[in-house]
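Peer 1: Residue numbers (the working numbering), protein chains in the order written: chain A, 7 to 946; chain B, 7 to 946.
Note that these hints are calculated values from the structure, not bench results. It should be emphasised that the depicted structure is a prediction, and the values quoted were computed from it without experimental measurement. Glycine included, every Cβ here is placed at the ideal spot set by N, Cα and C. A portion of the hints provided could be inaccurate.
[Unchecked claim] Chain B regions said to be covered by chain A (calculated; three or more residues, Cβ under 8 Å):
| hint | segment |
| --- | --- |
| 1 | 129-141 |
| 2 | 254-262 |
| 3 | 615-623 |
[To be verified] When the alpha-carbon atoms are kept at most 16 Å apart in a straight line, the in silico EDC-like pairs for lysine to aspartate or glutamate are as follows:
| hint | chain 1 | residue 1 | chain 2 | residue 2 |
| --- | --- | --- | --- | --- |
| 4 | A | K588 | A | D746 |
| 5 | B | K294 | B | E348 |
| 6 | B | K115 | A | D269 |
| 7 | A | K96 | B | D92 |
| 8 | A | K115 | B | D266 |
| 9 | B | K115 | A | D267 |
| 10 | B | K797 | B | D665 |
| 11 | A | K115 | B | D575 |
| 12 | B | K115 | A | D266 |
| 13 | B | K633 | B | D575 |
| 14 | A | K115 | B | D267 |
| 15 | A | K219 | A | D296 |
| 16 | B | K96 | A | D269 |
| 17 | A | K96 | A | D266 |
| 18 | A | K115 | A | E167 |
Protein chains: 2
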Amino acid sequence: MIFGLFSNMAVRSQRLAVALLFIFSGVLSFPLGQETKPTPNMLNVHLVPHTHDDVGWLKTVDQYFYGDRNDIQHAGVQYILDSVVDQLLKNPDRRFIYVETAFFYRWWKQQSSSMQQTVKKLVNEGRLEFVNGGWCMSDEATTHYSAVIDQMTMGLRFLNETFGPCGRPRVAWHIDPFGHAREHASMFAQMGYDGFFFGRLDYQDRARRRRDKEQELLWRASDSLTPPMADLFTGILPNGYNPPEGFCWDQSCDDPPIRDDPDLEDYNVDDVVRRFLAIANSQAIVYKTDHIIMTMGSDFQYENANLWYKNLDKLIHYVNALQANGSKVNVLYSTPSCYLQELHRANLTWALKMDDFFPYADDAHDFWTGYFTSRPALKRYERISNSNLQVTCNQLEVLSGPASRKGPFGEGDKKAMAVAQHHDAVSGTEKQHVANDYARRLAHGWQRCQVLVSNSLAALSGSSAERMYCDNLNISVCPLTESTLSVSVFQVVPVSAATREVRRNRGFAVNELVFQVQAPPLGFTTYSVSLLQDGPPPASTQHRTPTAIQNKNLCVHLPQFLRVTFDPDTGLLSSLSNLETKQTIKLTQNFYWLVYNASDGNNLQSDQPSGAYIFRPNSSTPFLISKTAKTESIQTSGVQEVRQWFAPWVSQVVRLYTDSKALELEWTVGPVPIDDDLGKEVITRLDTSIKTSQYFYTDSNGREMLQRKTDFRPTWNLRQSEPIAGNYYPINSRAFIKDDVDQLTVVTDRSQGGGSIHNGSLEIMLHRRLLYDDVRGVGEPLNETSNIFPKGLVVRGRLLLSLDRPPSAADAHRPLAQEVVLQPLLTFTDGDLHPNTQLEFSGLQAALPPAVHLLTLTQWDKDSVLLRLEHQFQSWESKLNSQPVTVNLQKLFSTLEVLGVSELNLSANQWKDEMTRFHWTPMTGTGHLNLFIRFYYISS
Amino acid sequence: MIFGLFSNMAVRSQRLAVALLFIFSGVLSFPLGQETKPTPNMLNVHLVPHTHDDVGWLKTVDQYFYGDRNDIQHAGVQYILDSVVDQLLKNPDRRFIYVETAFFYRWWKQQSSSMQQTVKKLVNEGRLEFVNGGWCMSDEATTHYSAVIDQMTMGLRFLNETFGPCGRPRVAWHIDPFGHAREHASMFAQMGYDGFFFGRLDYQDRARRRRDKEQELLWRASDSLTPPMADLFTGILPNGYNPPEGFCWDQSCDDPPIRDDPDLEDYNVDDVVRRFLAIANSQAIVYKTDHIIMTMGSDFQYENANLWYKNLDKLIHYVNALQANGSKVNVLYSTPSCYLQELHRANLTWALKMDDFFPYADDAHDFWTGYFTSRPALKRYERISNSNLQVTCNQLEVLSGPASRKGPFGEGDKKAMAVAQHHDAVSGTEKQHVANDYARRLAHGWQRCQVLVSNSLAALSGSSAERMYCDNLNISVCPLTESTLSVSVFQVVPVSAATREVRRNRGFAVNELVFQVQAPPLGFTTYSVSLLQDGPPPASTQHRTPTAIQNKNLCVHLPQFLRVTFDPDTGLLSSLSNLETKQTIKLTQNFYWLVYNASDGNNLQSDQPSGAYIFRPNSSTPFLISKTAKTESIQTSGVQEVRQWFAPWVSQVVRLYTDSKALELEWTVGPVPIDDDLGKEVITRLDTSIKTSQYFYTDSNGREMLQRKTDFRPTWNLRQSEPIAGNYYPINSRAFIKDDVDQLTVVTDRSQGGGSIHNGSLEIMLHRRLLYDDVRGVGEPLNETSNIFPKGLVVRGRLLLSLDRPPSAADAHRPLAQEVVLQPLLTFTDGDLHPNTQLEFSGLQAALPPAVHLLTLTQWDKDSVLLRLEHQFQSWESKLNSQPVTVNLQKLFSTLEVLGVSELNLSANQWKDEMTRFHWTPMTGTGHLNLFIRFYYISS
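Kindly generate the complete structure, drawing on both the sequences and the hints.
Peer 2: Set out below in structure tokens:
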């Protein structure tokens, strides 16, 4: 029985079973020296030396590793690790934490075995401690939970296999991401972390928490999992992740070093100690215990760790020396887990939080809500890569065994996806050349994945015919123009047979072939296509009405499921009906742009422009791109389309597939014109008759849904200063608005930002092209021009609309969203297949129950596979599907014999029955009543 | 008998004699590894890892040491030495050189004894090698040889006492000074260096030398010492002192690191190796041997030595790996001495050079001749501090023994003088706050020196009356206003009794008391002064003529020595006569300014402005400040003065002391007005009837005289592009012009720049106030404003003019210049001295012969003193005094008994009889005939 949302299995296949993991055996010991031990009845200041190493941002991940392109930013991770290890060896009191396994792995590979032994010793002694430990520090607003789990697993697995239990991070550490998702906290809890620290939160939220000493709290990160399963102790760091002012001793800083030679000028020990004590005491006032933490490091610091440690050694020495004169401040080298342990020992109660930390604003007009949409093409490419590389390829490798692993397939695929989760990767907040690098890595992964798919399909089908791939079908481009070909469709959604179109172009897509296919779950099927003659397809299959004049009575409907009407005067959508449930809503949809205009008089309050991170329109009223759309409609047996042209750079296809219950809006936006010298942020807005009363709902990392309310935050009295940007939230896979009778759910094909600025309305930002940098470091306007796209980027995507009764809406949008995330992979073969070819295959003995999603099926090592099954419904959202489900693993797979199963934590680096997380007690009656009311409401 | 110019003695006093120095025992061994050995029949590329650590420039010396004020410049020497030692230990092949003992000494003091042992091991194994090794890398254009010898001795002594013979630098290393003085080369030769390397020389000179492969040469640095006494092998480094382009791997550089992991992007080993071989081969073409040197480092580099060494290790490995494929390039870690050894082994002949490397230009309009005068007040303060701190104090300490060393006197004095010799200290090319720091250190030294002087005079005179000092007598300010006081005059010139005035002010100098004093050589005498009544001194001693109208027949003369006439219309000097030799010249003198005007049309050729380093006037015609001077004359029994006012900011006193053979011009310039937004460089020009035919003469570091010729260089065909700046040379102590019958010598009281732009003319730049930075790094205009001098600096100084017959002119100017350099020290005592006080004392039994100068007399350790006697005449300049002289050391001193004498090299770190310098063979017949002609002419 799967009792929670996640259940993560190590399934032994028919080969010999071996233990996967080292066994964790209790708390790490900290052999602290005399000067660096926490002392009771004193204010203990935990100095945490650390570096924050972005896995790509202004430079590519490899440029960061090597220290290449230091003209862009001085940063070289290889040297950081060299230097830190050297310096740790010089004084056993010194501590360091390391976070990003993507970098550590690269470094480790290049070390001699004696250096590796040295590092193991440092780890075993707790002098070098891994925190977080995923491949990267993932973004929280634009990532999908499945890719996050994969990247965390990749990093933690390396640490586990390299260092054993002493290498297992105890603390999650998201010091830089720009807002924090509840689903991330839930995942961290299920990965066994004892606590979580971050640096960025809304400035009003921080002020309130400082006042109330609630910068450390207990985050209850799921409304479905039984506490404390998703409870995560959460600490907000005092200075972001920087050292206190005046105490940065990195080579990149200019703070005065400790000058303690009385023979030289400017002896400053007294001044330094005095300043430090003042800072420590003022920090202690806004935290609860007599332990405080100071993050002594920042971006790419410790390249020359001697500067830091030499001065920290002196600081500790001189501050603690005052204890002889009665000082009650004790400074020590520490780590987040050591600090956390002291907080736990304090045995206090902690404020409970049940919402999330979005949106993030660092000032009144500085909302970091632009990156929810920044680089929409990269965001889609990352999402589809997840499906292809992490899911399809991994599954096929398991299903077809060693035969799949011939040729240049491999590891690189997963690493490309892992680095893409970084908080300056899929977030879209990197420089253009770095975005190109992420995409290049993914494309390289696709190539390698395609080798594996070809191998696998050859093994499973018995045909070694060369398989080809059409990666550009989204723009109807495929190099295959032969008269006959075969199409194999590998279906990864394990629930039910899927329905999809396959299109085929000729030259530059004069015509498209659209037909419906069905593939078995976790399997493939094959279709043959022949071109009978060179002429166009029979005209009877098309009904073109290419001008706006013929809009009258334009109506698209499918007898059994949906009806869509259009306004004959404007060509816009006018209503949507669900024919099964007999519900109809008014629905108009149009496209708008928002603008930050540097010369606009509304900039008096702030000159913060929109940029890669920030969304800051001058005006609350978006500009309408066109009041009307030119339309044409096309109807075939499989699909009905109405094509809408709003402008030369904005168009849309409203599409209904015969057997689909969702309306597809395929939008195409770009190149966004900038000849008026105005950057533009393009949104589409759905205005409905639904009575929303300011509420709307967005998902968290594609998983649980959270309630949002315009101009409102659950945990403090919001002073709203940005009526649009301040009401935007991440939409990773879906958003909905509802009232008592109607729920309109919009499923997206990538992460986007959106909000409900007006009642009944839901808007989603689709594309951004900006002319200013937003002064958060990236140093480029988000213009997205390149050699390939000199006029700017054209982006195409899909929104899927589902209209349902609220109590059963999830039964529709849960599988719908999975189908969008996990799209089938098409392969093409030139000519007819050999008659003996097996044309269809399923890896499952039967489809899984609708509530259960096969999240992960991947080869773990020679003898075992990692299986993750997920209950994909929240506890309150479906009478039908929110119930516990039982799955018989023995009868699950068609080609694998299950010899044994061991349950692991979510990140597969600890046996589930050995998870011993700290227990934390929530405060009661803290007055955050609105919070509980809200959830009570949702659950009803 | 003193056979050369210098003779440097260790004189043991009456206490027990001990050996001073470790004995040098042969060539250092270089335990090179497999990859880093020179290989015959290959092009051997000597990579020399080094750092160039300015002893003050943009930051103070202590800021540089600690890495303070990194906002000004990132530089922290403590970390450099930490890091280099760490990195040397990681690979025995690695080498490093260190240069500036001022920094090394600070660092060494802070190290544990185990670290000190580690460093000694590295030094003994040749992995860490000291080069140059003085306290600093002294400036060559503005320093006086006596201070240079002292600072070199201080640094080399520390190395010798700390590391023994392995710590003795074999190579002099002046990679940064802005032009090179012949006297420096002579001193380095006499200090036992085997060779000398530098980085900066005139761009035309370098081009010629590259063409002719004469970037390595033999410098014959004295026309008086018998070769090879002052011969110094000299190498010009290929890239200044920087690494070749693209190969800088310091943290301060952006060149691509070697990316040799084929699993990561941008593997670049092939590209790096190809670029390196191209550079090595093109460098080999312009040098003579199959060994070339590359300086792998630069300003304050190696703070994180790992970056450099990690990449250098790889470079060596990958370049040498190509030898297996037939490559004939061998790269190795090396040092300048190792490289020099290979050059010596080559057994070639080398071009001979006998002039110097001034002036230095790095482009056609970029002559570094401004710093010869920059910061004239600091230059004077340094010079007078040398007299007070290095000479007076050291001598008194020896003469009065341990009694002198009570209270806070000490070491700091000498260090302040040593750092002031740095090439961005007395040169005037540092930032304002750093100039203030140098001055502050010197002032601190004065305070400590005064403690010692008081102690000594108390011991020698038997009176413990409190001694007071009037440091501001140059502006007639002294806080003593009592009616009776005693004046002690300590005389450091050891030749004959001196003549000087003493002045006493009342309040703000309404009146001055001027009287003549005499003091014995190396001793003191005492005068008592009483104020008889409160009224002014008798009017009869003054003859004031305060208006220009009364200029007629203004004539100043002293019956026995000199006559000066003034033009009655202009108030300017008109003639100078030597009454003894019965010679008269026409002599007019006036003040002018030159200007760099950014908006001047003459800037078409170059927009290089004048700045701290560069002198670049727009026009060749200086602006006359005033055609006429207002004058008044004053006459007393001791002195005759004519005071001239040229402008509110330019005045002069023309002064003749009764018994002086030199005419004193005491000029006062400043604050230089800038309200016209023009910076100004103020010169005084002496126009005479002497027929100079373009020739004139300047000293080298205050010692030997060099012939100069306008628009001419002895070793290449000059294309003159700056008619004034390109003809300026350093004047450290004197310059002269002459013809067959007349020689006019001008003795200066500090280092200044000057030239002879027109025949018969000699101009000297006195003061500079500039409004632009000259883009050579200092980043400030040389404006010299401060809180104390908000309107700019007033500078006062003296020129002493001596008119003589050329063959005997040196008999006058040699002692005259010594008297200016070594001025007597005055102390004041309030009230009458005790009757038993000894009022006069001399440390010498008799005055030394005029040719002999007591350069150094200083306590070396408890039992010995260091004595330097100097023959102060060039071999050709005086029939009377250029002859060898014999001095009887046994009978030299009145209070010291000489128990034994051991002769040392000039820097006192090696016994003279153990000096074994490399022998180098000069090329003959290389066609530099003009050079020999020139010297033949001088010698006649």
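Peer 1: Each hint should be assessed against the structure and marked as holding or not.
Peer 2: A quick look at each hint next to the structure:
no.: 1; hint: 129-141; result: violated (count 0)
no.: 2; hint: 254-262; result: holds (count 4)
no.: 3; hint: 615-623; result: violated (count 0)
no.: 4; hint: A/K588 with A/D746; result: holds (15 Å)
no.: 5; hint: B/K294 with B/E348; result: holds (12 Å)
no.: 6; hint: B/K115 with A/D269; result: holds (10 Å)
no.: 7; hint: A/K96 with B/D92; result: holds (11 Å)
no.: 8; hint: A/K115 with B/D266; result: holds (12 Å)
no.: 9; hint: B/K115 with A/D267; result: holds (9 Å)
no.: 10; hint: B/K797 with B/D665; result: violated (39 Å)
no.: 11; hint: A/K115 with B/D575; result: violated (89 Å)
no.: 12; hint: B/K115 with A/D266; result: holds (12 Å)
no.: 13; hint: B/K633 with B/D575; result: holds (10 Å)
no.: 14; hint: A/K115 with B/D267; result: holds (9 Å)
no.: 15; hint: A/K219 with A/D296; result: holds (13 Å)
no.: 16; hint: B/K96 with A/D269; result: violated (32 Å)
no.: 17; hint: A/K96 with A/D266; result: violated (20 Å)
no.: 18; hint: A/K115 with A/E167; result: holds (14 Å)
Consistency note: the structure conflicts with the earlier hints numbered 1, 3, 10, 11, 16 and 17.
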